[in-house]
Amino acid sequence: MGQGAKETILTPALCRAARGLLDWTQLDLAEHAAVSRSTIRDYEGKHHEIHRATEAQLRLAFEKGGVVFVEVEGMGTCLGLLSAPR
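Residue numbering for the sequence shown follows numbering that gives the first Met the number 0, beginning at 0 and increasing consecutively.
Hints may be right or wrong, so weigh each one.
[Claimed, not checked] Here are the computed distance ranges between Cβ atoms for each label pair:
hint	residue 1	residue 2	range
1	K45	L20	18 to 28 Å
2	S82	S37	28 to 38 Å
3	P11	V71	12 to 22 Å
4	S37	E72	33 to 43 Å
5	R40	E72	28 to 38 Å
6	E30	L80	16 to 26 Å
7	E30	E72	27 to 37 Å
8	G73	T24	29 to 39 Å
9	G73	A33	33 to 43 Å
Rather than coming from a laboratory, the hints here were simulated on the basis of the structure.
Note that the structure is a prediction, hence the values are computed from the model and not measured.
For each residue, glycine too, the CB sits at the ideal point set by N, CA and C.
Let the hints inform the model, and build the full structure from the sequences given.
Pasting the structure below:
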């Protein structure tokens, strides 16, 4: 499967939760993902959607920080944190 095959799962709430797991501010995430803080602020505040490429950058930053996205049947997407970042 190619990189574009992943479904969009990073909701505003999951974005906030993943930041919380890493104890990252919006600015920290912006720096790790190379996106603007205002994009993160507006997305988390449900002011607008994000592009798939931006979502991929955010998700990659979270995954590099140690966040794991897991699909659980009947529950949807859950988050976990690896004991040591990759």
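Here is what the structure says about each hint:
1. K45 to L20: 18 to 28 Å: Holds: the Cβ-Cβ distance is about 20 Å, inside 18 to 28 Å.
2. S82 to S37: 28 to 38 Å: Given range 28 to 38 Å: holds, Cβ gap about 33 Å.
3. P11 to V71: 12 to 22 Å: Holds, since P11 and V71 (Cβ atoms, about 19 Å apart) stay within the stated range.
4. S37 to E72: 33 to 43 Å: Check passed, 36 Å falls within 33 to 43 Å.
5. R40 to E72: 28 to 38 Å: holds (33 Å)
6. E30 to L80: 16 to 26 Å: Since E30 and L80 have Cβ atoms about 19 Å apart, the given range 16 to 26 Å holds.
7. E30 to E72: 27 to 37 Å: holds (35 Å)
8. G73 to T24: 29 to 39 Å: Because 33 Å falls inside the window, the suggested range holds.
9. G73 to A33: 33 to 43 Å: About 35 Å separates the Cβ atoms of G73 and A33, which means 33 to 43 Å holds.
When the structure is compared with the earlier hints, no violation turns up for any of them.
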